[in-house]
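K.L.:
Work out the full structure: start from the sequences and follow the hints.
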Amino acid sequence: TQLLEQSPQFLSIQEGENLTVYCNSSSVFSSLQWYRQEPGEGPVLLVTVVTGGEVKKLKRLTFQFGDARKDSSLHITAAQPGDTGLYLCAGGETSGSRLTFGEGTQLTVNP
Amino acid sequence: EAQVTQNPRYLITVTGKKLTVTCSQNMNHEYMSWYRQDPGLGLRQIYYSMNVEVTDKGDVPEGYKVSRKEKRNFPLILESPSPNQTSLYFCASQRTGISSYNEQFFGPGTRLTVL
Numbered sequence: 001t002q003l004l005e006q007s008p009q010f011l012s013i014q015e016g017e018n019l020t021v022y023c024n025s026s027s028v029f030s031s032l033q034w035y036r037q038e039p040g041e042g043p044v045l046l047v048t049v050v051t052g053g054e055v056k057k058l059k060r061l062t063f064q065f066g067d068a069r070k071d072s073s074l075h076i077t078a079a080q081p082g083d084t085g086l087y088l089c090a091g092g093e094t095s096g097s098r099l100t101f102g103e104g105t106q107l108t109v110n111p
Numbered sequence: 001e002a003q004v005t006q007n008p009r010y011l012i013t014v015t016g017k018k019l020t021v022t023c024s025q026n027m028n029h030e031y032m033s034w035y036r037q038d039p040g041l042g043l044r045q046i047y048y049s050m051n052v053e054v055t056d057k058g059d060v061p062e063g064y065k066v067s068r069k070e071k072r073n074f075p076l077i078l079e080s081p082s083p084n085q086t087s088l089y090f091c092a093s094q095r096t097g098i099s100s101y102n103e104q105f106f107g108p109g110t111r112l113t114v115l
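Residue numbers (our numbering), protein chains in the order written: chain A, 1 to 111; chain B, 1 to 115.
Hints were generated in silico from the structure; no laboratory data involved.
Hints are not guaranteed to be accurate.
[Stated by the list, open to error] Computed Cβ-Cβ distance ranges for the label pairs, DEER-style:
{"no.": "1", "chain 1": "B", "residue 1": "2", "chain 2": "A", "residue 2": "60", "range": "21 to 29 Å"}
{"no.": "2", "chain 1": "B", "residue 1": "22", "chain 2": "A", "residue 2": "77", "range": "22 to 30 Å"}
{"no.": "3", "chain 1": "B", "residue 1": "73", "chain 2": "A", "residue 2": "58", "range": "27 to 35 Å"}
[Stated by the list, open to error] Residues from chain B that face chain A, not an exhaustive set, calculated with beta carbons under 10 Å:
{"no.": "4", "residue": "2"}
{"no.": "5", "residue": "4"}
{"no.": "6", "residue": "8"}
{"no.": "7", "residue": "9"}
{"no.": "8", "residue": "13"}
{"no.": "9", "residue": "33"}
{"no.": "10", "residue": "43"}
{"no.": "11", "residue": "53"}
{"no.": "12", "residue": "55"}
{"no.": "13", "residue": "61"}
{"no.": "14", "residue": "87"}
{"no.": "15", "residue": "90"}
{"no.": "16", "residue": "94"}
{"no.": "17", "residue": "105"}
{"no.": "18", "residue": "111"}
{"no.": "19", "residue": "115"}
[To be verified] No farther apart than 20 Å at their CA atoms in a straight line, the calculated lysine to aspartate or glutamate pairs in the DMTMM-like style are these:
{"no.": "20", "chain 1": "A", "residue 1": "56", "chain 2": "A", "residue 2": "83"}
{"no.": "21", "chain 1": "B", "residue 1": "69", "chain 2": "B", "residue 2": "38"}
{"no.": "22", "chain 1": "A", "residue 1": "57", "chain 2": "B", "residue 2": "1"}
{"no.": "23", "chain 1": "B", "residue 1": "69", "chain 2": "B", "residue 2": "53"}
{"no.": "24", "chain 1": "B", "residue 1": "71", "chain 2": "B", "residue 2": "1"}
{"no.": "25", "chain 1": "B", "residue 1": "17", "chain 2": "B", "residue 2": "103"}
{"no.": "26", "chain 1": "B", "residue 1": "57", "chain 2": "A", "residue 2": "83"}
{"no.": "27", "chain 1": "B", "residue 1": "57", "chain 2": "B", "residue 2": "79"}
{"no.": "28", "chain 1": "A", "residue 1": "56", "chain 2": "B", "residue 2": "103"}
{"no.": "29", "chain 1": "A", "residue 1": "57", "chain 2": "A", "residue 2": "83"}
{"no.": "30", "chain 1": "A", "residue 1": "70", "chain 2": "B", "residue 2": "103"}
{"no.": "31", "chain 1": "B", "residue 1": "18", "chain 2": "B", "residue 2": "62"}
Ideal Cβ placement from N, Cα and C applies to all residues, glycine included.
P.N.:
Next comes the structure, spelled out in structure tokens:
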């Protein structure tokens with residue numbers, strides 16, 4: 001089973017600060033996704049990266065896939081309270097449809 | 001609206017009383033999956049189904065059953081629930097094929113408590 005390690009597990013910051021969440025593995029993934037989950041709801045897909053070195057931007061969120069397709073990062077610029085939630089990375093296997101999830105990073109942005 | 005629905009959203013039951021959690025998707029997705037989410041353990045896959053009548057075990061299948069008689073429905077069955085199955089359960093679906101990139105759509109979750 002492929003494993004994904006996320007860090008940090010918990011992050012509490014003030015509004016306006018920047019932050020980076022990391023997702024690392026010793027395995028190669030064909031694709032990597034980031035989801036956000038709010039209390040009482042299911043995870044919602046934010047972005048998918050598939051090419052080594054790929055960078056995608058979603059407003060204040062920047063996602064990067066490592067050159068070797070083993071790791072990824074999520075950077076949030078000028079965090080806002082609305083960014084509060086559980087951020088999950090998930091790696092897609094090279095064959096089949098299964099996803100391996102990281103344990104998640106619980107982000108709290110204080111006003 | 002494209003969605004995955006689960007019922008019930010909340011359930012409190014007692015040890016040994018059989019229960020079924022329903023899951024339905026309206027996106028004509030071939031692949032469906034069940035996960036449980038526990039603090040410190042993240043999302044763990046219970047069972048998945050690549051298509052109708054095709055199901056397979058995930059990482060934590062013990063104590064669970066599934067069936068896939070129709071493409072849109074994928075119920076999760078606990079024949080004899082035990083307290084260690086108290087958890088938050090999510091159903092998910094996705095397209096299959098090269099361009100799907102394993103992108104999954106999740107239901108709203110079912111919070112199960114087994115006393």
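K.L.:
Against this structure, judge whether each hint is valid.
P.N.:
Each hint tested on the structure:
1. B/2 - A/60: 21 to 29 Å: holds (26 Å)
2. B/22 - A/77: 22 to 30 Å: Since the Cβ atoms of residue 22 of chain B and residue 77 of chain A sit about 41 Å apart, the hinted range of 22 to 30 Å is violated.
3. B/73 - A/58: 27 to 35 Å: With Cβ atoms ~33 Å apart, the hint holds.
4. 2: violated (12 Å)
5. 4: holds (8 Å)
6. 8: violated (14 Å)
7. 9: holds (9 Å)
8. 13: violated (20 Å)
9. 33: holds (8 Å)
10. 43: With Cβ-Cβ at 4 Å, under 10 Å, it holds.
11. 53: Since the shortest Cβ distance to chain A is 16 Å, the answer is violated.
12. 55: Status violated, d = 13 Å.
13. 61: violated (13 Å)
14. 87: With a minimum Cβ separation of about 14 Å from chain A (threshold 10 Å), the hint on residue 87 of chain B is violated.
15. 90: With a minimum Cβ separation of about 5 Å from chain A (threshold 10 Å), the hint on residue 90 of chain B holds.
16. 94: Residue 94 of chain B check passes; min Cβ-Cβ to chain A is 6 Å, inside 10 Å.
17. 105: Residue 105 of chain B check passes; min Cβ-Cβ to chain A is 7 Å, inside 10 Å.
18. 111: Since chain A brings a Cβ to about 9 Å from residue 111 of chain B, closer than 10 Å, the hint holds.
19. 115: The hint is violated - residue 115 of chain B has no Cβ within 10 Å of chain A, the shortest such distance being about 22 Å.
20. A/56 - A/83: holds (18 Å)
21. B/69 - B/38: Distance of about 29 Å is beyond 20 Å: violated.
22. A/57 - B/1: violated (26 Å)
23. B/69 - B/53: holds (6 Å)
24. B/71 - B/1: Cα-Cα ~18 Å, so holds.
25. B/17 - B/103: violated (34 Å)
26. B/57 - A/83: violated (35 Å)
27. B/57 - B/79: holds (16 Å)
28. A/56 - B/103: holds (16 Å)
29. A/57 - A/83: holds (15 Å)
30. A/70 - B/103: holds (18 Å)
31. B/18 - B/62: holds (15 Å)
The structure is inconsistent with the numbered hints 2, 4, 6, 8, 11, 12, 13, 14, 19, 21, 22, 25 and 26, although it conforms to all the rest.
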